[in-house]
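Undergrad: Sequence:
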Amino acid sequence: MKVSVLIIGVGDLGGRVLDLLVRLDGIGKIIIAGRDEEYLHRKKNLSMFAALQLGYYPDLAHVKMDIDDIDHTAETILKLKPDIVFNAATRQALWRVLAPLPREVSEELGRAQLGPWLPVHLTLVHKLMQAVKNTGLDCRVVNAAFPDAVHPVLAKWELAPTIGVGHVGDIIPALRKSISLFLKEPVEKVEVLFVAQHYITHFIPRFGYPVDAPCYLKAMVDGSDVTGRLDLHRVYGALTKQLAQTGTEAQIITATSATRIIEAMANNTRELVHAPGPNGLPGGYPVKVDAKGGAVWLPETLSFEEAIRINEEGQRADGIDRIDMDGTVHFVDKPMGVMKRILGYQCKTMKVEESEGYARELVAKSRELVARYSGSSGLSDLLP
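If you want this note's numbering, it's the position in the sequence shown, counting the first as 1, plus 188.
In case anyone wonders, no lab produced these hints; they're calculated from the structure.
Careful, some of the hints might be misleading.
[Claimed, not checked] Pairwise CB distance ranges (calculated):
no.	residue 1	residue 2	range
1	Pro374	Glu556	49 to 55 Å
2	His260	Glu373	33 to 39 Å
3	Arg548	Lys267	26 to 32 Å
4	Leu490	Thr457	20 to 26 Å
5	His260	Asp326	16 to 22 Å
Glycine included, each C-beta is placed from N, C-alpha and C at the ideal position.
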């Protein structure tokens, strides 16, 4: 039986995922949701016509939804009864803040890493998961909004999405290609098991071999371990030429990561992929994906506890020191110091229920920063 998919947030990423899903087996009805009904109608039709052009006949629909309204979101989801919910909504994407800024300002703000921006990603996912819980439905939630950190926070409230997409999943194709070039083996013979938090998957494509946080790599050719034959400085260094893109041009990689996971869930394949935040865990892992979600799949040489430690160290490098049992987040001083200096924003600790207030402050101060350098209001540039 084909599964139904609800896509929430049909911007650049959500739109790309839609255009990929319409061509896949195992996918039934696809509903796109957001606040702008006119835009949804146009996007639905464009995706449908593009699919028809290629000989596919998807069942598409759209529905108006505002995640800020938890009760209405729950009512809508209960009415639609989707098997899988894919969330691409966020208060603000970091690359949209950095792109309009002068290079030196963008680079300096980038040194704050992603952790301090947690509120703009956590807020809407928290509301969505409350709505899903209120429906009583057993639907799976696949989340694209900073799952490395959002999921372990919400796991403390038993509200974690099923699995995340992107980040560790984004780097795998380029990593396989780099290994294939180093070993002079066909890329289709190369497989990897990679454990890494977002910080690592952001760092390597820009700077090469990571020095501030650990990761784990096992490489195989035709199933045989070849990790010992690799010069990791050269393997990771090659990615600075292969995968240094940011912004919209890189979204296709995240979109294919998401699509592969949704397809594996739809067809219950137990396919081995890489994903962040499976089952509320911090950071990213190899996972076997089936209809229920993703189960962490580690090599015998790496314990589950060590994989968690690797990701928690990466989390600290990304600006989040720790997450308490009640979901309270403690941020690292140095990255937050960058935020204070550039944006005038500071948050040392944050409870989950405080996330929305901090998110609004971040969005407002980001708009002020862009306006300062653009000479305009900067409002349209920063819309998610």
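Undergrad: In ascending order, which of the hints set out earlier in this document are inconsistent with the structure?
TA: 2
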